[in-house]
Amino acid sequence: MMKLRENGEAATDVNSRSAGTSRKIRMTKLQKMNLRSGLLFTSPWLVGLVVFTVYPILASLYYSLTDYSLLRPPEWVGLDNYRTLVFQDPYFWTSLYNTVFLMLLGLPLGMVIGLAVALLLNTKVRGLGIYRTIYYLPSVVPGVATALVWSWVLNPEYGLVNALLDKFGIIGPGWLTDPLWAKPALVIMGIWGAGGSMVIYLAGLQGIAPEYLEAAQLDGASWWQKLVHIILPMLSPVIFFTLIMGVISSFQQFTHIYVMTRGGPSNSTLVYAMYLYQNAFGYFKMGYASAMAWILFIIMTLAIWFAFRTAGWVHYEGAAGK
Amino acid sequence: MRRSISSWLVLTLLLSSLAVAGGVFPPGASAARVTISFWHAWGGYEGKKLEELVARFNATHPDVKVEPSYVAIGDKLMTAIAGGTPPDVATIWDWMVASMAADGSLQPLDTYLADSGITREDYLPGIWEYGSYRGGKFAVPTTLNVYAIFYNKDILKAAGYDPAVHITTLEQLEEMAERLTIATKRSFERIGFMPQYIWPWFWSFGGQFYDPATNKITANDPANVRALEWMVSFYRKFDFRKYRRFQAGWGEYASPGNPFYTGKIAIVEDGQWQVAAIKKYAPHLNYGVAPYPAPPGGRKNVAWVNGSFWAIPKGAKHPQEAWKFLSWLISPEVSAEWCATINNIPPMRRAIKLQVFANTVTPEFQVFLDLLEKGHTFTIPSLPVGQYFTNELWNSVGQVLEGLKEPKQALDEVTQRIQVELNKAR
Numbered sequence: 001m002m003k004l005r006e007n008g009e010a011a012t013d014v015n016s017r018s019a020g021t022s023r024k025i026r027m028t029k030l031q032k033m034n035l036r037s038g039l040l041f042t043s044p045w046l047v048g049l050v051v052f053t054v055y056p057i058l059a060s061l062y063y064s065l066t067d068y069s070l071l072r073p074p075e076w077v078g079l080d081n082y083r084t085l086v087f088q089d090p091y092f093w094t095s096l097y098n099t100v101f102l103m104l105l106g107l108p109l110g111m112v113i114g115l116a117v118a119l120l121l122n123t124k125v126r127g128l129g130i131y132r133t134i135y136y137l138p139s140v141v142p143g144v145a146t147a148l149v150w151s152w153v154l155n156p157e158y159g160l161v162n163a164l165l166d167k168f169g170i171i172g173p174g175w176l177t178d179p180l181w182a183k184p185a186l187v188i189m190g191i192w193g194a195g196g197s198m199v200i201y202l203a204g205l206q207g208i209a210p211e212y213l214e215a216a217q218l219d220g221a222s223w224w225q226k227l228v229h230i231i232l233p234m235l236s237p238v239i240f241f242t243l244i245m246g247v248i249s250s251f252q253q254f255t256h257i258y259v260m261t262r263g264g265p266s267n268s269t270l271v272y273a274m275y276l277y278q279n280a281f282g283y284f285k286m287g288y289a290s291a292m293a294w295i296l297f298i299i300m301t302l303a304i305w306f307a308f309r310t311a312g313w314v315h316y317e318g319a320a321g322k
Numbered sequence: 323m324r325r326s327i328s329s330w331l332v333l334t335l336l337l338s339s340l341a342v343a344g345g346v347f348p349p350g351a352s353a354a355r356v357t358i359s360f361w362h363a364w365g366g367y368e369g370k371k372l373e374e375l376v377a378r379f380n381a382t383h384p385d386v387k388v389e390p391s392y393v394a395i396g397d398k399l400m401t402a403i404a405g406g407t408p409p410d411v412a413t414i415w416d417w418m419v420a421s422m423a424a425d426g427s428l429q430p431l432d433t434y435l436a437d438s439g440i441t442r443e444d445y446l447p448g449i450w451e452y453g454s455y456r457g458g459k460f461a462v463p464t465t466l467n468v469y470a471i472f473y474n475k476d477i478l479k480a481a482g483y484d485p486a487v488h489i490t491t492l493e494q495l496e497e498m499a500e501r502l503t504i505a506t507k508r509s510f511e512r513i514g515f516m517p518q519y520i521w522p523w524f525w526s527f528g529g530q531f532y533d534p535a536t537n538k539i540t541a542n543d544p545a546n547v548r549a550l551e552w553m554v555s556f557y558r559k560f561d562f563r564k565y566r567r568f569q570a571g572w573g574e575y576a577s578p579g580n581p582f583y584t585g586k587i588a589i590v591e592d593g594q595w596q597v598a599a600i601k602k603y604a605p606h607l608n609y610g611v612a613p614y615p616a617p618p619g620g621r622k623n624v625a626w627v628n629g630s631f632w633a634i635p636k637g638a639k640h641p642q643e644a645w646k647f648l649s650w651l652i653s654p655e656v657s658a659e660w661c662a663t664i665n666n667i668p669p670m671r672r673a674i675k676l677q678v679f680a681n682t683v684t685p686e687f688q689v690f691l692d693l694l695e696k697g698h699t700f701t702i703p704s705l706p707v708g709q710y711f712t713n714e715l716w717n718s719v720g721q722v723l724e725g726l727k728e729p730k731q732a733l734d735e736v737t738q739r740i741q742v743e744l745n746k747a748r
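In order, the protein sequences belong to chains G and A. Under this note's numbering, the first sequence has 42 at position 42, and the numbering climbs by one with no breaks. If you want this note's numbering, it's the position in the second sequence, counting the first as 1, plus 322.
Hints were generated in silico from the structure; no laboratory data involved. Beta carbons: idealized from backbone N, C-alpha and C, even for Gly. It is possible that some hints are incorrect.
EDC-like mimics (lysine to aspartate or glutamate), calculated; alpha carbons at most 16 Å apart, straight line [stated by the list, open to error]:
hint	chain 1	residue 1	chain 2	residue 2
1	A	Lys675	A	Asp692
2	A	Lys746	G	Asp80
3	A	Lys475	A	Glu591
4	A	Lys507	G	Asp166
5	G	Lys226	G	Glu214
6	A	Lys622	A	Glu493
7	A	Lys746	A	Asp425
8	A	Lys586	G	Glu157
9	A	Lys601	A	Glu686
10	A	Lys636	A	Asp432
11	A	Lys371	A	Glu389
12	A	Lys746	G	Asp67
13	A	Lys559	A	Glu497
14	A	Lys564	G	Glu157
15	A	Lys559	A	Glu496
16	A	Lys746	G	Glu75
17	A	Lys622	A	Glu695
18	A	Lys675	A	Glu659
19	A	Lys646	A	Asp437
20	A	Lys370	A	Glu659
21	A	Lys586	A	Glu500
22	A	Lys475	A	Glu686
23	A	Lys746	G	Asp89
24	A	Lys507	G	Glu157
Quick list of the computed label-pair ranges, beta carbon to beta carbon [as the list claims (entries may be wrong)]:
hint	chain 1	residue 1	chain 2	residue 2	range
25	G	Pro184	A	Asp561	17 to 25 Å
26	A	Gly406	G	Val50	16 to 24 Å
27	A	Thr401	G	Pro210	55 to 63 Å
28	A	Gly458	G	Gly143	41 to 49 Å
29	G	Pro73	A	Pro534	25 to 33 Å
30	G	Pro184	A	Ala381	55 to 63 Å
31	G	Met245	A	Asp561	36 to 44 Å
32	A	Gly366	G	Thr53	33 to 41 Å
33	G	Pro90	A	Thr382	53 to 61 Å
34	A	Thr401	G	Ile170	44 to 52 Å
Computed footprint of chain A on chain G; a stretch qualifies when at least three of its residues, placed anywhere within it, have a C-beta under 8 Å from a C-beta of chain A [what the hints assert, rightly or not]:
hint	stretch
35	63 to 72
36	278 to 288
Working from the sequences, and respecting the hints, build out all of it.
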């Protein structure tokens, strides 16, 4: 290791040692120049980050503590917005319930189906590339287009789904027009887009060294044993990744609902992001909406923290005996 | 010292260049022409007509140049005002007027209106008050819509009704609704009638939504509760779920597939623009128009009016010129021509009588004009929580139709919720 480090690297070592005593980082002329040009070259991104991301995030924290209608200067109200949301606003809980409902139903289903399709497409069959493309295709379609197509597919009178059910003598439900069926309809639509996670699983499957499977084969392991004892453990980091991403995107779900139902019928699809949008751009309650955004942030942080705490089932290759 | 000399030099140079510019351009010509921006909300042929009118204004007014742009009014306008870069003139919708006025984001128009000699009497009854906030004018109405009952004469005749006898009582309407409905196993072949809007029925039953004297929301007025109970009775009778499915199969509203044109629904509530739309999409439709019926002791001939407004936002760079343009735009001649094109009703009495508008009036359309002149004009209450009010009302009525809540309970709850918001709005 040490042999690889030369010149500049060695100098850093010396400097960092002296930095401990003088508490000042001294750099060589070359390093200073490198730092300067480095900062200069990354400055477009840095400025963008500060101006368009860091500042708005901090500003929203401030606005969440105010009554701000965009047209009047914000008025300090302390934690009022948070208190109203949690204790007085029934729609806050409705929207949270709807979001969690959609996540608990849609996420596991989407993951299982994505994984199942990935396993199928990991075999050696003719025309594999075509199948992979077909299954992946839906996740390339823009959200608005998907939503418009599906509002046709799910149309209770002329839609594809109910026409199909009709063939079996079943009178299909009202789907997006029926408060009972609107959420399941959204879940079905979400499964159509499972190709996105499928591709990630597929990449994970390709990364499993064939030696393991070969060894298992020689030991006489069945297909199921190979899946449970080799493939799933080896794939667990990828599964964990899609789980985390799935949780995040579930809480952010907005486009489809905005286009198809706007939260209706009877608030049955009023998800968190939709209600936030309604407050911000329907009622211009910017402070209230900012408070919602921060509560969402806290919920998501807790959810992900919980996911990491219970991630004992995830095996990282090379991470010895975890 | 040296610094002040050099700045003097720069200043002198600047001044002299201005003098040169003044010499090149003759005084009073385009050099002094003020350009104002105008955000409107009309696309398609309507927008084309509006821009044609603007071009006419520009051609006849050498001192002001109007630059129109088609903008989706809403958050964009709010952001522009908040950012200090608003247009000089903008379209706004009725429910926005009070909330924007309360926020101080509109310039008061009272003195402008007085200077131009425009008074309450120039307008149709009830229209001057419409869109006022706390007695002040912050926006001028530009186009009006009125609602009434449309009925398919052929369907009525086939069922043995005399279409010459208008729908005058609620019992008649209920009876027709039932007799004209043809149910199928999974849906409907035809619906006689289903109440569609909230406001007009509540008013027809004698209800009110707001009491300005006490600043109290009165959405749970006993008359309103009765109206909602009456509305719900239809949805219970015809099975709301089934009706929704039926509804999902309707064609586009502005197309020949409109369920009223195709006979899927025999009696509907709609606005006066439908007269022109029928001429365009279903010219052979045999239909009639009747005012809203009312229960005994209720209000007959309720004219539910809504419309659009023009306003000068706070922070507009040229309010004087903006008014110059606005007052031209709302003058009876221009307003009549504009409304005739888009099949709305001009808010000023004199405009309705003008040939350019009167030419477009058919007997069916006349019903709406009569309603405005002789009926009870009602508009949504001018409240700073207008949008919230409308949304919440629809939400709670939706829950009642869905069978989740009883009418009284839902209206009590919504009244309380809106009151809380109203008290916060100061």
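Now the hints, each set against the structure:
no.	hint	in the structure
1	A:Lys675 with A:Asp692	holds, 13 Å
2	A:Lys746 with G:Asp80	holds, 12 Å
3	A:Lys475 with A:Glu591	holds, 15 Å
4	A:Lys507 with G:Asp166	holds, 12 Å
5	G:Lys226 with G:Glu214	holds, 10 Å
6	A:Lys622 with A:Glu493	holds, 14 Å
7	A:Lys746 with A:Asp425	holds, 13 Å
8	A:Lys586 with G:Glu157	holds, 13 Å
9	A:Lys601 with A:Glu686	holds, 11 Å
10	A:Lys636 with A:Asp432	holds, 15 Å
11	A:Lys371 with A:Glu389	holds, 14 Å
12	A:Lys746 with G:Asp67	holds, 10 Å
13	A:Lys559 with A:Glu497	holds, 12 Å
14	A:Lys564 with G:Glu157	holds, 11 Å
15	A:Lys559 with A:Glu496	holds, 11 Å
16	A:Lys746 with G:Glu75	holds, 12 Å
17	A:Lys622 with A:Glu695	holds, 14 Å
18	A:Lys675 with A:Glu659	holds, 12 Å
19	A:Lys646 with A:Asp437	holds, 11 Å
20	A:Lys370 with A:Glu659	holds, 13 Å
21	A:Lys586 with A:Glu500	holds, 14 Å
22	A:Lys475 with A:Glu686	holds, 13 Å
23	A:Lys746 with G:Asp89	holds, 15 Å
24	A:Lys507 with G:Glu157	holds, 13 Å
25	G:Pro184 with A:Asp561: 17 to 25 Å	holds, 21 Å
26	A:Gly406 with G:Val50: 16 to 24 Å	holds, 23 Å
27	A:Thr401 with G:Pro210: 55 to 63 Å	holds, 57 Å
28	A:Gly458 with G:Gly143: 41 to 49 Å	holds, 44 Å
29	G:Pro73 with A:Pro534: 25 to 33 Å	holds, 28 Å
30	G:Pro184 with A:Ala381: 55 to 63 Å	holds, 60 Å
31	G:Met245 with A:Asp561: 36 to 44 Å	holds, 42 Å
32	A:Gly366 with G:Thr53: 33 to 41 Å	holds, 39 Å
33	G:Pro90 with A:Thr382: 53 to 61 Å	holds, 56 Å
34	A:Thr401 with G:Ile170: 44 to 52 Å	holds, 49 Å
35	63 to 72	holds (count 5)
36	278 to 288	holds (count 5)
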